[in-house]
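Engineer: Here the sequence shown stands for residues 1 to 156, where the numbers follow this note's numbering.
No wet-lab data here; the hints were simulated from the structure.
One thing to keep in mind: the hints can contain errors.
DEER-style ranges, computed between Cβ atoms [as the list claims (entries may be wrong)]:
# : residue 1 : residue 2 : range
1 : Leu150    : Pro2      : 20 to 26 Å
2 : Glu33     : Val60     : 44 to 50 Å
3 : Asn57     : Asn132    : 58 to 64 Å
4 : Leu150    : Leu55     : 40 to 46 Å
5 : Lys113    : Pro148    : 17 to 23 Å
6 : Val60     : Thr29     : 48 to 54 Å
7 : Val3      : Phe67     : 23 to 29 Å
8 : Gly35     : Phe67     : 30 to 36 Å
9 : Phe63     : Ala26     : 33 to 39 Å
In this text, a Cβ means the ideal position worked out from N, Cα and C, and glycines have one as well.
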Amino acid sequence: MPVQTGAGTRISIGPTTAAATPTAYAALTPWTEIGEVEDIGEFGDNVGLANFTALNNRRVRKFKTSFDAGELQVTLGRDPVDAGQVALAAAVAADADYAIRIELDDKPTPTGKNTIFYFHAAVTKLTTQVGNADAIVKGTVTLAINTPVLTVPAAV
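Working from the sequences, and respecting the hints, build out all of it.
Structural biologist: Right, here's the structure in full:
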């Protein structure tokens, strides 16, 4: 797949049902698209490090530890009647992790299939930024990712 823009990318919130494979995620229902998304931040595993220094050689050795897929920041234009934004607001109040689907717009591929990312996250923040008289009222959503991010590549 060549380099592409983020234009056409969609993000949806799903149920709290557990899923561990792309097939299981694809079977979840319902998926509700989140409207008026302006920016989807970065996500993916970061690996922690533990250091050890032996006295006899003074060499610091580094060992990989925990995997952390991070916290995804999503910026959106606030729309209190958008079904996806309503679902996010409800998810902030809940203790459960929600299925999240991000679908790139990879078209045109011969099959018309797009790259899809699946994961579960706790929705930990939904804030409002009013700004000034010439600004769009925006919101920021934080998704604390608690599972591996599964990637289903665009079918070619």
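Engineer: Are the hints correct? Go through all of them and say.
Structural biologist: Hints and how they fare:
1. Leu150 / Pro2: 20 to 26 Å: 23 Å, holds
2. Glu33 / Val60: 44 to 50 Å: Taking Cβ atoms as reference, Glu33 and Val60 lie about 48 Å apart, which means the hint holds.
3. Asn57 / Asn132: 58 to 64 Å: Once the Cβ atoms are compared, 59 Å apart, the range 58 to 64 Å for Asn132 and Asn57 holds.
4. Leu150 / Leu55: 40 to 46 Å: Holds, at about 43 Å.
5. Lys113 / Pro148: 17 to 23 Å: At 21 Å between Cβs, range holds.
6. Val60 / Thr29: 48 to 54 Å: 50 Å, holds
7. Val3 / Phe67: 23 to 29 Å: 27 Å, holds
8. Gly35 / Phe67: 30 to 36 Å: Cβ of Gly35 to Cβ of Phe67: about 31 Å, so the range 30 to 36 Å holds.
9. Phe63 / Ala26: 33 to 39 Å: 36 Å, holds
When each numbered hint is compared with the structure, no violation occurs for any of them.
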